[in-house]
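A.B. asks: Sequence:
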Amino acid sequence: MAPPSSTPVKAVLGPTNTGKTHLAVERLTAHASGMIGFPLRLLAREVYDRVVRIKGAAQVALVTGEERITPPDARYLLGTMEALPVTRDVAFVGIDEAQLGADPERGHVFTDRLLRARGREETMILGSASIGGLVRRLVPEAEIVTRPRFSTLSYAGPSKLSRLPKRSAVVAFSAEEVYAIAEMLRRFSGGAAVVMGALSPKTRNAQVAMFEAGEVDYLVATDAIGMGLNLDVTHVAFASLQKFDGRRLRRLTVAEMAQIAGRAGRHQQDGSFGTVGMPQGGFTPEEIAAIEGHNFPPLPNLFWRNPVPRADTLDLLLTDLAEPPTLAGLRPAPEAVDIAVLKYLAGDMEVRARATDAEAVERLWDVCGLPDFEQLGPEHHSRTVLKLWQWRTSGNGMIDPEWFARRLARFDDTDGDIEQLASRIAAVRTLCFIAQRGDWIAGGAGWAEQTQELESRLSDALHAALAQRFVDRRLALLLRDAGQRNAALPVAVSADGTVAVDGEALGTLRGFHFKVDPVARASDHRMLLAAAEKHLRGELARRATSLAEGDGSALSLVSEAGAPPRLAWHGDIVATLGRGPTLVQPALQIDPSLRRLEPQQVQAITERLHAFVAEQLARHAGPLAAMGEAASDLFTPPRVRALLAALVDGGGTIGRSAVEDQLSAISAEDRPQLRKLGLTIGSLDIFHPQLLKPEAVRWRAALAAAQQGAPVPALPPQGAVLQKSGNQAGLRIAGFRRCATGWLRIDMAEKLARQAHAARMQAAAPPAAPISGTAEHHVDQHEDSSAADGAAAVASGFAIDPALATSLGLDEESRRALLQSFGFRTVGDPELQRWRWSGLQRADKRRRRKQARKTADAPAADASGKDRRAAAKGPRGKRGKSAPPGTPVQRPARVDRPPRRGPSPTSPFAGLAALLADAGKD
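Residues in the sequence shown are numbered consecutively from 0, following numbering that gives the first Met the number 0.
Accuracy of the hints is not assured; some may be wrong.
As the list claims (entries may be wrong) - Computed list of lysine-lysine pairs in BS3-like fashion (alpha-carbon distance at most 27 Å, straight line):
1) 165 - 201
2) 675 - 723
3) 242 - 159
4) 159 - 201
5) 342 - 386
As the list claims (entries may be wrong) - Cβ-Cβ distance ranges computed for the label pairs, FRET-style:
6) 246 - 373: 18 to 24 Å
7) 29 - 330: 34 to 40 Å
8) 637 - 680: 28 to 34 Å
9) 375 - 176: 19 to 25 Å
10) 48 - 279: 36 to 42 Å
11) 375 - 244: 16 to 22 Å
12) 597 - 208: 42 to 48 Å
13) 330 - 283: 40 to 46 Å
14) 347 - 296: 17 to 23 Å
15) 373 - 153: 37 to 43 Å
16) 445 - 327: 17 to 23 Å
17) 445 - 21: 33 to 39 Å
18) 327 - 467: 41 to 47 Å
19) 269 - 456: 37 to 43 Å
Keep in mind the hints are simulated off the structure, nothing from the lab. In this text, a Cβ means the ideal position worked out from N, Cα and C, and glycines have one as well.
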């Protein structure tokens, strides 16, 4: 043990927040050289950064187990107590937190520095007042100075986690408990920073920076914050009052409680302490009084272990390490990890075989100093130590670089959760420790750079993972903003609809519908919606005005198949079409997202949407609206109104057979009204050509779906005239008619019908007049023969050019079926493609004719049944088999039917009627 030093030794003792560390840094920088040992790597790094700002990086060194920054001309050294070079000749030496000499695991290191580390000009011992008696006993030459606390520390009692004051630190004693508390604080307040001794300095600094910058209002930490970390904390809350010290679960001592509670209140700002709930029964009155009054029982002794054991043999090494202290106030240190590993390896056959090799034993004890960063326990940790010792005592005495490189590559992965990243950082810290030992591995400087770079990247990933899991800046921002009466924070809506308040995204605004950010937790949705409603009032009002007063160019009809017909503004839904008084007067159901607007704004939007629908119907479906107006006009003839009403109900198109009675009942004087509306009365359908255009079809489909309360059917492609398959409702709305194997648009079907009738009329027309100058006596003969030839042509059938049907894509089966539906029948062999006109045979007309014949034949019947049957049957007629060939058919007169009205003089059928009349006269 070192004899008493002749240099000045000063012990500065007192509670926390007395400026002891600040004083030590001032004294260090006042000397030409010096060093200070700290209990934690984090604290050493914090003070190192402070001294660098004072003296410059070239003059300051940092030495810890995992990190070494040693400029060649460094005059000031900061480091952990274990890494502090006791024999270094410097002017000033500082020993921080000297009371940790009573720690069972590391206490012997602090005790050794207390006894042996001295500066040439000044030595300063920093610690709690509880170590005062031991300092007097062990360092009698020391001058003891006590310092009072700058601020008052008072007990605030227990509190719920959700009721903790801002700028509070919650202290727990296990990683699992720290994570659980941080998660709960995230839900209550938007998040918390996390500080643990196992974090790398970079991660710890990044977490503390969030807390210091006010991004979060709470800090969750282990008892690492009690070791001199300077934080802007006003309240310390204990989540637990007991911890596992490596051997047993025990209650904190009053000194430990005070060390942690003392982090509350910095400089002249008072602080408070308390508990979260009542862990382990809470603080006792005696503990509260001791902490508030800074009255702690003195430490009875410090732990000591022989700092320079002899390593001539393994047994001698073990004996020296077990040597008891000789000074009063010291006691043997409990078995630490390094001794536990040494004892475990002492039973290995290879180690025992070299137990008398002084160099091998010395190197064994050297590698046993590798800290168990991964907390594997002596047995598992000893496997790594044994491997290192084997390399250190064989070959060139260096660790295999390939093994080191493989281990480094194994942990080079920044993916994973918090636990995985923390585990990798712990493993990399082991490699960092090895790389710092230039006598252990060749090229140590290069390996140290790689390991520190990997630790830095893993630390960044861990910080990001901690922030992602335990910090919700958006929620914290909104919680702070919730109490403000006015929307003081700036709100921005980007071009893609992202809503951000003070730079934090809340969600997206599509039209008038706000959708919470999909990455937000479900528990935060209600608060985000409330925040959006508060901050988006102005933006929604602006949009409402733009919609109500706009020119309609941003409005559109949404007619997606399978969905109800809707109206959109800039592509976002604002209303749904519903059943109205008539097809062309749909109702509007305003989207629920507009309910947050003022009533007058909603009314203005509704009126504008109704106007838009009317404008679009007038533009694209004007004939349909005109039909509706005419059908409701009392001045329109009733028969025309009936037909138009059926057309409107059918969406502007209807099969002719469905309204044949109404059509027949319309007089010649009323028909011009139909022509005035632009209707096409075809062979099979009645329609308006404009209503078959794509946009008109889309609006008619939407109107029909709205009136029926059904989704919009799938419509055929725009411009299509023939479809082999598809949604039947959609095909009918689009104006398609079934024809055998497909669907043909009705205007194309009408075009084919007119072609067929034109071919029929051409075949029935007489040949052209004879050339002038021919003999006059041949004229009569020619006229007679011309009429005969025309009748013969009609009887033998006529050809219909299939080119048009082929160009439309109709196959032969569909073409034949379509022509037959027009009233044409084949003549002779179907392969000859000869046709004749038989007229449209309708079932109701056939029934009326049959009934009329029965009525006319009844009076002429004989009394006997035979004569009555004969009179009823009469000649079988043209198609009968009983009448002999050439027998004319005598049909009864139709007394119940008005005289047949002839065709219009302008109709192409007028010529055919004249020819037939002339043929009848002949």
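A.B. asks: State, for the Cβ atoms of residue 375 and residue 176, whether the hinted interval 19 to 25 Å holds or is violated.
C.D. replies: holds (22 Å)
A.B. asks: At the C-beta level, are residue 269 and residue 456 separated by a distance inside 37 to 43 Å?
C.D. replies: holds (41 Å)
A.B. asks: Falls inside 18 to 24 Å, the C-beta gap from residue 246 to residue 373?
C.D. replies: At 19 Å between Cβs, range holds.
A.B. asks: Using the beta carbons of residue 445 and residue 21, state whether their distance is inside 33 to 39 Å or not.
C.D. replies: holds (38 Å)
A.B. asks: For residue 597 and residue 208, compare the CB-CB distance with the range 42 to 48 Å and indicate the outcome.
C.D. replies: holds (45 Å)
A.B. asks: For the pair residue 373 and residue 153, does the Cβ-Cβ distance stay inside 37 to 43 Å?
C.D. replies: holds (41 Å)
A.B. asks: Holds or violated: residue 165 with residue 201, Cα cutoff 27 Å?
C.D. replies: holds (25 Å)
A.B. asks: Hinted pair, alpha-carbon criterion (27 Å max): residue 159, residue 201. Please report holds or violated.
C.D. replies: Cα-Cα ~32 Å, so violated.
A.B. asks: So does residue 375 sit 16 to 22 Å from residue 244, Cβ to Cβ?
C.D. replies: holds (18 Å)
A.B. asks: Per the hint of 40 to 46 Å, is the separation of the Cβ atoms of residue 330 and residue 283 within bounds?
C.D. replies: violated (27 Å)
A.B. asks: Does the Cβ pair residue 445, residue 327 satisfy 17 to 23 Å?
C.D. replies: violated (50 Å)
A.B. asks: Given a hint of 17 to 23 Å, does the C-beta separation of residue 347 and residue 296 actually sit inside it?
C.D. replies: Once the Cβ atoms are compared, 44 Å apart, the range 17 to 23 Å for residue 296 and residue 347 is violated.
Violation of the numbered hints given earlier is confined to hints 2, 4, 8, 13, 14, 16, 18; the remaining hints are satisfied by the structure.
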